[in-house]
Amino acid sequence: MSERSRQRGGVLVIGLGRFGASIAVTLEQLGTDVLAMDTRSELVQEFSGHLTHVVQADATNLDALQQIGAADFSVAVVGVGTSIESSVLITANLVDLGKPVIWAKAISQAHGKILERIGAHHVVFPEKDAGQRVAHLVNGRLIDYIEFDDGFAIVKMRPPRETVGYTLAQSDIRSKYGVTVVGVKSPGRDFTYATPETMVAQHDLLIVSGHTDLLERFSNRPG
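Its first residue numbered 310, the sequence shown is counted upward by one per residue in the numbering used here.
Quick caveat, the hints were computed from the structure, so don't treat them as lab data.
Heads up, some of the hints might be wrong.
Stated by the list, open to error - Here are the computed lysine-lysine pairs in the DSS-like style, where the Cα-Cα straight-line distance is at most 25 Å:
1) Lys437 <-> Lys422
2) Lys494 <-> Lys465
3) Lys437 <-> Lys465
4) Lys485 <-> Lys465
5) Lys422 <-> Lys408
Just need the whole structure built from these sequences, with the hints factored in.
Right, dumping it as structure tokens:
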């Protein structure tokens, strides 16, 4: 990867497990310059056919990071999670380099706190987050679910029976349930932002925002 590519905002992905590999492949599909690295030769060989730039190197070694020019990347993703010691050491090495914005994977709250304290800018809990999301999808009539840190979420769901055949003004969802219908997707039609005059049909999909507890209550209304 050229110096020019790195200056455009390249991403260094360390660790080619499921988490790191998914990020690296998706970023490259989105047109981002990616350099992926792992200590395991079999993974480097496997992903050399899927990624433009893959190297075998040990990111727990600061010299190895310096040799690949890690400080030239705008973002670094630490996808190593099974070895907490390696995760912490890699993150500490990146902090010492000073430049990349660090996204680090954690497998527990204690692991996450350590990563934050040594200087990781963003700590993610992929297993926990995925589990919480799936629980919400399994528990009700939600089709998709995105939750934010303050208990606010946006969901995609099928309309409750009481809203079908009425405009949003008539069903008065916000006053009754404290959530807001942001948009409506009708089969075969483009997504449209909701207005008080928007009519809800049985096969529509609703995009709804609000507090997670209120969204659960609304999504569990009879369909």
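Results for each hint:
{"no.": "1", "hint": "Lys437 <-> Lys422", "verdict": "holds, 15 Å"}
{"no.": "2", "hint": "Lys494 <-> Lys465", "verdict": "holds, 10 Å"}
{"no.": "3", "hint": "Lys437 <-> Lys465", "verdict": "holds, 21 Å"}
{"no.": "4", "hint": "Lys485 <-> Lys465", "verdict": "holds, 19 Å"}
{"no.": "5", "hint": "Lys422 <-> Lys408", "verdict": "holds, 21 Å"}
Every hint, counting from the list given before, is met by this structure.
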